[in-house]
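Construct the entire structure; sequences and hints are all you get.
The lines below spell out each chain.
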Amino acid sequence: MGRIWSTKRVESLPQGALLTVKLESGGEVIAFDPLGCGEGEEVLITQGSVAAGYFEGVRAPVDALIIGSIDEDS
Amino acid sequence: MGRIWSTKRVESLPQGALLTVKLESGGEVIAFDPLGCGEGEEVLITQGSVAAGYFEGVRAPVDALIIGSIDEDS
Amino acid sequence: MGRIWSTKRVESLPQGALLTVKLESGGEVIAFDPLGCGEGEEVLITQGSVAAGYFEGVRAPVDALIIGSIDEDS
Amino acid sequence: MGRIWSTKRVESLPQGALLTVKLESGGEVIAFDPLGCGEGEEVLITQGSVAAGYFEGVRAPVDALIIGSIDEDS
Amino acid sequence: MGRIWSTKRVESLPQGALLTVKLESGGEVIAFDPLGCGEGEEVLITQGSVAAGYFEGVRAPVDALIIGSIDEDS
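If you're matching them up, the sequences are chains S, Y, E, F and W in order. Under our numbering, think of the first position of the first sequence as 42, with each following residue one higher. Under our numbering, think of the first position of the second sequence as 42, with each following residue one higher. Under our numbering, think of the first position of the third sequence as 42, with each following residue one higher. Under our numbering, think of the first position of the fourth sequence as 42, with each following residue one higher. Under our numbering, think of the first position of the fifth sequence as 42, with each following residue one higher.
What the hints contain is simulated information worked out from the structure, not anything from laboratory work. Don't be surprised by glycine CBs; every beta carbon is placed ideally from N, CA and C. Incorrect hints may have been included.
Facing chain W, from chain S, some residues (calculated, C-beta under 8 Å) [as the list claims (entries may be wrong)]:
1) W46
2) T48
3) K49
4) R50
5) S53
6) A58
7) K63
8) G68
9) E69
10) G89
11) V99
12) D104
13) S110
14) I111
Here is the structure:
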C-alpha cells in the first residue's frame, strides 16, 4: 500500500487518506482509508456505491473504501 | 472458504462472520455470512449494493453476501 | 444452463428458479429466471442493483436476472 | 454491432433496440440503443444502475445503454 | 488520455469533456472530466453510480468520473 496525494480534486471528495491497495487478483485499487492503515497491513475493502454510502450527509465520489484490517493471526 | 477476523474495523460494519469465498472464475471474494456456512460448502453470493441492501436500518459497507448454500445434489 | 437448488437460503431471496448461465466472455453467473427458460436457450441477463430492482416491494438480494430470451433467428 | 431480437422478455424491459456492442477490452455487451445507431458506428456506453436511471418513471432492468456516438474525426 | 467528441448523444449527458483514460490494469475507460485535465496527467477516477451521483439535480448517464489529479511527487 502506498499513499496518493491529490491537490487538484473535485470539492466533494472528502479530505482523508487515499491508499493504493493491491488486490489478491493482481490488480490495484485506490481506496479511501478512514482507519489509518499502514504500509504492509492486510485490509478489507468494499467497492462501488456501498463505499460512497459510508459518508453521511454528502454524496462523496468514492468507489473504494477500507472497512477493516485483517488480524495477523487470521 | 476460510474465516477472516478483523478487530480494527469501521463501526458500521455489522458484527458477524466474514468468509473468503473462492469464485468459479478463479478469484476470491470476502463475503458476509448470515447463514453459518462451513468449510467446503458451495454457496451462492450476491455482490455490490444489493449485498448492502440486505441489512435493514443501517448503511452497512458490505459488498458481498452469502445468500444461499447450494444443495449437494444440485 | 443448469438449475441450482438451494434449501438453506436467506429469507429475502425470492422463491423461483436460479439458473447457471454461461457468459460469452467464458465465465458463469447464477441468475434468477422469471421466464421459465430451458436448457440451451440463449438469454439476456441484467446484473447488479438493476436486477434487484425487478422485484417490487422487497429488497431481494438478487444481482443477476434473466430479462429475455434471444429469438433463434436473431 | 448487431441487433438482438427478444420476443419472450420481462414486461418491464422497455421496447426499443438492443444492440450487441464490442468492447475495446475484447468482450461484448448487449446495450439498449435510444439513438438509432447503425452497424460499424463507434459508440459510448454507460453500464450498471446508471443505465437504468435513464428511463424515467419505470424501473427498467437495463444495465447497459448507448449514450452517444463518437464523432468520426475524434 | 485523449479527448472524445460526441455530437449525437442522449440529452441527459452533461456538456463537458470526455476523456479516454488508460487504467493500470491495461484497459481503458471513457470518463467525464470536470477538472480540465491534460494529456499525460495521472488521474483518479471513480466508477459506477457514484460517478453519476456527482451531478446534482440531474440523472446523468455517466459511469466514470475524474475526481482528482495525482500530485507528481506522490
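Now for the hints, and whether the structure bears them out:
no.	hint	in the structure
1	W46	4 Å, holds
2	T48	6 Å, holds
3	K49	4 Å, holds
4	R50	4 Å, holds
5	S53	7 Å, holds
6	A58	12 Å, violated
7	K63	11 Å, violated
8	G68	5 Å, holds
9	E69	6 Å, holds
10	G89	5 Å, holds
11	V99	10 Å, violated
12	D104	4 Å, holds
13	S110	23 Å, violated
14	I111	23 Å, violated
The structure fails hints 6, 7, 11, 13 and 14 (numbered hints given earlier, in ascending order).
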